[in-house]
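Visitor: Produce the complete structure using the sequences and hints provided.
From first to last, the protein sequence lines stand for chains A and B. The opening position of the first sequence corresponds to residue 1 in the working numbering, with each subsequent residue numbered one higher. The opening position of the second sequence corresponds to residue 1 in the working numbering, with each subsequent residue numbered one higher.
Hints in this document: simulated from the structure, not taken from any laboratory. Beta carbons: idealized from backbone N, C-alpha and C, even for Gly.
Mimicking DSSO-like on lysine-lysine, the simulated pairs with C-alpha atoms at most 27 angstroms apart in a straight line are: (1) Lys39(A) with Lys82(A); (2) Lys59(B) with Lys150(B); (3) Lys39(A) with Lys189(B); (4) Lys189(B) with Lys82(A).
Have a look at the derived ranges for each label pair, beta carbon to beta carbon: (5) Gly71(B) with Glu185(A): 25 to 33 angstroms; (6) Gly180(A) with Asp185(B): 45 to 53 angstroms; (7) Gly58(B) with Ala60(A): 53 to 61 angstroms.
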Amino acid sequence: MTIQRREFVAALAAGGAAGLAGCSTLTGDDSGDAGISGKTLTLTTTTSTYNTGLLDELNAPFEDRYGVSVDAVSQGTGQALKTARNGDSDVVMVHARSLEDEFMEEGYGVNRRDLMYNDFVVIGGPDDPAGIGGSDDVTEAFTAIADSESSFVSRGDDSGTHTKELEIWDETGLNVNEFGEWYQEAGQGMGDVINMATQQGSYTLSDRGTYLDMQDEVDLEIHVQGPIEGGPELLANPYGIVAVNPAVHDNVEYDLAMAYIGFITSPEGQDLIENYTANGEQLFYPEALSEEPNFQQYVPEGWSADSTGNSSDSSDE
Amino acid sequence: MSLESATTVPLFTEFPFEWNYIRSIIVVSLYVSVAAVALSTLCSLPVALAVGFTDFRGKGLLTSIINTGMGFPSVVVGLAVLFTVSNEGPLGSLELVFTREAMIMSQFVLAAPVVTGVSLAAVSSVEQNVRDAAYAMGGTRLDVALVTIKEARYGIATAVLAGFGRAISEVGSVLIVGGNIASADGTSKTRTLTTAIQLEAQRGRFETAMILGVVLLAIVLVVNGIVVRLGSDGGGYR
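Guide: Right, here's the structure in full:
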């Protein structure tokens with residue numbers, strides 16, 4: 001597996017080059033991957049990657065190869081980024097580009113990479129009181145839910161899914177703060193919210209992965225599909241991975257974080273993501289490998305320092 | 001980790017986890033709770049004896065504070081410990097966040113008032129004349145303390161048990177400071193029975209959560225049995 005090693009070094013070099021945008025001061029204790037064996041990487045990530053079991057699939061071969069261990073802490077995207085801001089994790093894997101960009105702009109993160117994507121789906125009880133089944137316009141569907149005041153459970157926890165849900169409400173022009181009792185903020189993870197929605201026959205916005213993983217145990221159907229099944233682009237759900245800036249927190253395991261990013265964005269890591277299934281269905285679609293360089297993934301979108309024409313046509317946004 | 005759901009399978013014909021996984025969770029739960037309660041007991045007993053033996057201004061207030069601590073919300077304790085051990089906090093350089101040590105700290109803070117409060121009640125209820133008699137027979141303060149502990153041992157055992165019960169059944173603070181971490185090889189690092197139950201319930205796997213719950217109850221029952229047995233040996237004060 002020396003090839004993988006070389007790819008990792010290449011990724012590290014690429015990361016280093018991108019790091020010029022943020023910082024280039026490695027706290028020079030040890031360079032390269034020589035010193036990472038035996039260390040522990042703390043990864044904060046979203047409930048969707050964790051609860052679906054994908055992380056175990058990715059982490060086990062990484063741990064074996066480098067002789068390290070990965071402590072994966074599952075939090076909402078907002079909380080995961082907050083933990084990273086405090087320097088309590090070394091790398092974050094999340095899915096809310098706007099929050100990731102903010103994290104990068106404030107100097108806490110370096111070397112962001114696009115990792116994979118899946119999509120969001122609007123799910124609800126089979127009786128579909130708002131009549132949104134099969135709609136291909138999620139904004140209209142949300143408006144119909146609000147007009148019929150059908151029960152809706154929101155994550156309400158600053159997670160990537162919650163961020164996306166608020167973005168959709170924003171598109172409808174309706175004000176979430178004026179919603180009545182039919183709109184409930186759970187303040188809990190996706191799984192808990194799906195359980196709540198099942199109990200009440202409510203609608204909710206879910207990432208496809210968590211829904212597929214729980215599909216057999218709940219009584220909910222997909223009413224509005226995401227782009228994977230031909231639904232609207234607004235429901236796209238891209239995941240990124242960001243290393244915590246060692247210039248801000250010199251205790252973070254930066255080399256190990258870059259090794260991890262290198263591994264999961266390598267052909268091998270991307271294969272693992274592509275082949276991971278639940279109930280026979282693929283949950284995540286790899287996005288890190290590309291014929292053409294996409295430099296925009298390393299820096300916040302629309303970042304002012306980027307003077308190179310900025311053709312930000314990233315693959316799925 | 002198997003993705004097969006247990007819904008269609010009768011319980012126990014296909015046990016939904018690796019035995020290593022469940023064993024490591026039990027080990028972590030016991031390690032954290034026992035360590036926290038042992039430390040609590042070491043700190044609490046002297047305090048309970050000191051407060052129980054002496055009369056001073058503000059004794060009632062102190063007792064109220066201890067009793068209030070018994071009902072302290074665990075998530076608040078978890079947050080406070082997180083602020084303390086976080087990289088940005090005063091103990092940040094020790095890198096304790098998401099470790100068992102941090103979990104022990106939070107469980108200690110939760111269990112100590114319980115152990116102190118219940119032992120204080122037990123110590124206070126030992127008849128004044130027992131203590132007087134011990135003094136009268138020429139006992140030192142230490143002798144009197146030992147006599148009191150002996151008289152109150154059943155109450156103190158109850159205190160330790162209550163502290164243990166609080167620690168092992170607590171979920172909020174260990175989730176915040178421990179992070180509910182299990183390795184990819186299926187062993188727990190900071191995952192306890194309670195946080196595992198929380199996770200399984202979140203994933204909609206209620207059967208698995210129930211089984212873990214039964215394990216948790218069984219552990220509490222066994223520990224209770226052992227302590228009651230120890231407390232009743234040799235007869236005497238009940």
